[in-house]
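Since the structure of chain A is provided, determine the placement of chain B on it from the hints.
So the protein sequences, as listed, match chains A and B.
For any residue, its number in the working numbering is found by taking its place in the first sequence, counting from 1, and adding 1.
For any residue, its number in the working numbering is found by taking its place in the second sequence, counting from 1, and adding 289.
These are calculated hints, taken from the structure and not from any lab test.
A portion of the hints provided could be inaccurate.
Only part of the chain B face toward chain A is listed, based on derived beta-carbon distances under 7 Å [unchecked claim]:
1. A299
2. L312
3. L313
4. P315
5. E328
6. A331
7. V332
8. A343
9. S346
Residues of chain A placed beyond 10 Å of chain B at every Cβ, according to the derived structure [to be verified]:
10. G106
11. R123
12. E193
13. D214
14. R271
Virtual Cβ for every residue (Gly too), placed ideally from N, Cα, C.
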Amino acid sequence: MNKDRVGLGWRPELAAGIFSALDKIDILEVVGDNYLEASRKQRLALKLLSREVPLHIHSIDLGMAGSAEVSTKRVDRLARLINDVEPEAWSEHLAFVRAGELEIGHLAAAPRNELSVAGSARNLKKAAQIIGSLPLMENIATLLQPPCSTLSEQRWISDIAAASDCGILLDLHNLYANAINFSFDPLQFLAEIPLERVGCIHIAGGRWIDSPDGSKQYLLDDHLHEVTDPIYELLAEVAARATQPLTVILERDGAYPPMDVLLHELERTRVALTAGRRRNPTMQQALAHAG
Amino acid sequence: MQADVERLLAQLFVDGELRERFLLNPTQIAVEFGLSPAECEAVAKMPTQDLLAASRSYERKRQGKQRSGRLAGLKRWTRRLFHTN
Numbered sequence: 002m003n004k005d006r007v008g009l010g011w012r013p014e015l016a017a018g019i020f021s022a023l024d025k026i027d028i029l030e031v032v033g034d035n036y037l038e039a040s041r042k043q044r045l046a047l048k049l050l051s052r053e054v055p056l057h058i059h060s061i062d063l064g065m066a067g068s069a070e071v072s073t074k075r076v077d078r079l080a081r082l083i084n085d086v087e088p089e090a091w092s093e094h095l096a097f098v099r100a101g102e103l104e105i106g107h108l109a110a111a112p113r114n115e116l117s118v119a120g121s122a123r124n125l126k127k128a129a130q131i132i133g134s135l136p137l138m139e140n141i142a143t144l145l146q147p148p149c150s151t152l153s154e155q156r157w158i159s160d161i162a163a164a165s166d167c168g169i170l171l172d173l174h175n176l177y178a179n180a181i182n183f184s185f186d187p188l189q190f191l192a193e194i195p196l197e198r199v200g201c202i203h204i205a206g207g208r209w210i211d212s213p214d215g216s217k218q219y220l221l222d223d224h225l226h227e228v229t230d231p232i233y234e235l236l237a238e239v240a241a242r243a244t245q246p247l248t249v250i251l252e253r254d255g256a257y258p259p260m261d262v263l264l265h266e267l268e269r270t271r272v273a274l275t276a277g278r279r280r281n282p283t284m285q286q287a288l289a290h291a292g
Numbered sequence: 290m291q292a293d294v295e296r297l298l299a300q301l302f303v304d305g306e307l308r309e310r311f312l313l314n315p316t317q318i319a320v321e322f323g324l325s326p327a328e329c330e331a332v333a334k335m336p337t338q339d340l341l342a343a344s345r346s347y348e349r350k351r352q353g354k355q356r357s358g359r360l361a362g363l364k365r366w367t368r369r370l371f372h373t374n
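Next up, chain B with everything else stripped away, as it sits in the complex:
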């Protein structure tokens, strides 16, 4: 199912341990996620370097968001402290 493929991709982008297991045995992981045989075959053909580069890029984006989220929180706290808006 399409939703299962998206769930596997999302998990591969965020979970380094799953990614390592997937690269060792992609078909087994795909089956665990409920993919059909055709979908298993398709995800097993994903180029390893493309998957790793994409995952690294998403990780950097998440880290950037966390940093800006913390900064925004600090700004809100400072505004409340000094009653400015």
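Bound-form chain A, shown alone:
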């Protein structure tokens, strides 16, 4: 892989549109949790899909950043899927999703401190031993800054990546939403994470919601709306700073627009990448040598 790639999250509702536009889609990302109980026939279909277009498996439910040891049974199930489908890479979230038997129902931000760095690294090592490869780990969006944190989010992510040697799945909408909701500079965040470890980027849309008493507004990462200008600007910024080829996945989880609209978003993604690369000193040097 030596050039930037742009792709889409695989959703059954988008299947027909994706197949009709495979020449415009460089990569697909499949939510692994949706296929853990899949029949052999469905897994074979995914494997055949992975022969047509590079594929990533994206996992949601392992809870790698919790203090509890990641469940062997859950990792085993994911390992079987990954073994059957043979994706290019797999990914998970820097989040906890349960405490004991209590399921939160989605990704929750764990207290960011040395204990969760060590716990995450331990869980990543265990998952890698079972699955055979380390995942790319994604920064999550949160509406509540985790208490008992002693590290900034960027320091925490960097420390986990260093301790485990995992790559980073950089979700730009999660970063932007957190930056808006908790008033920090997303560019500073980008300056403080090891961009060379970014193996994949997510972009998505969201919406504004009110706090229950109406005193505050939050940007919610819901994957139900179009990607907005600030996200493309952040993507261009990453392309201007990173030296490795970038893979960008557009996430859309519902309220699906016509395929043309999604393809237009992919095109805007390519434009943002190109704009960033033009500002990238390394890329400029390479172009100068080539010219």
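Chain B only, in chain A's frame:
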């Protein structure tokens, strides 16, 4: 302990009654969950609106999962009924 903090957060996200009690007296609830004095102080400082907004968001996610779970069950049942796959 970190695990106790996570257990309290998870419980606050899913249990509206506990959340109400916590908002009235956060330190007492934190002590009940076995948190250290420093952890008690940290969780007591969580902004109320952020906690409520996060809890509401998780509740909607759980409801969405339940709906899609029921739909998936109905689809499986229909497939079995008509022997399609």
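Check your understanding: Per the stated criterion, does the least C-beta distance between R123 of chain A and chain B lie above 10 Å, as a non-interface residue requires?
Key -> Non-interface label on R123 of chain A holds, nearest chain B Cβ at 12 Å vs cutoff 10 Å.
Point to revise | Agreement of hint A299 of chain B with chain A interface, Cβ distance less than 7 Å | key: holds, 4 Å
Review point. Quick one, is the S346 of chain B hint okay against chain A at 7 Å, beta carbons?
Key: holds, 6 Å
**Study point:** Status of R271 of chain A, Cβ more than 10 Å from any chain B Cβ
**Key:** With a cut-off of 10 Å, R271 of chain A remains clear of chain B, as the shortest Cβ separation is near 32 Å.
Practice item. Grab the minimum beta-carbon distance between D214 of chain A and chain B and tell me whether it stays above 10 Å. Key: violated, 6 Å
Check your understanding: Given P315 of chain B was flagged as interface, is its beta-carbon under 7 Å from a beta-carbon of chain A?
Key -> Violated, because the Cβ-Cβ distance from P315 of chain B to chain A comes to roughly 10 Å (cut-off 7 Å).
Exercise for review: Classify the hint on A331 of chain B as holds or violated, based on whether any CB of chain A lies nearer than 7 Å to its CB.
Suggested key: holds, 4 Å
**Study point:** Residue hint V332 of chain B, partner chain A, criterion CB-CB below 7 Å
**Key:** holds, 5 Å
Point to revise | Status of the hint placing E328 of chain B at chain A (closest C-beta pair under 7 Å) | key: holds, 5 Å
Check your understanding: Is E193 of chain A truly not at the interface, in the sense that its beta carbon sits beyond 10 Å from all beta carbons of chain B?
Key -> holds, 23 Å
Check your understanding: Since G106 of chain A was said not to touch the interface, does its Cβ keep a gap of more than 10 Å from each Cβ of chain B?
Key -> violated, 4 Å
Review point. Regarding the hint that L312 of chain B lies at the interface with chain A, is the smallest CB-CB distance below 7 Å?
Key: This hint is violated: L312 of chain B lies away from chain A, its Cβ roughly 11 Å from the closest one there, beyond 7 Å.
Against the hints set out earlier in the document, violations occur for numbers 2, 3, 4, 10 and 13.
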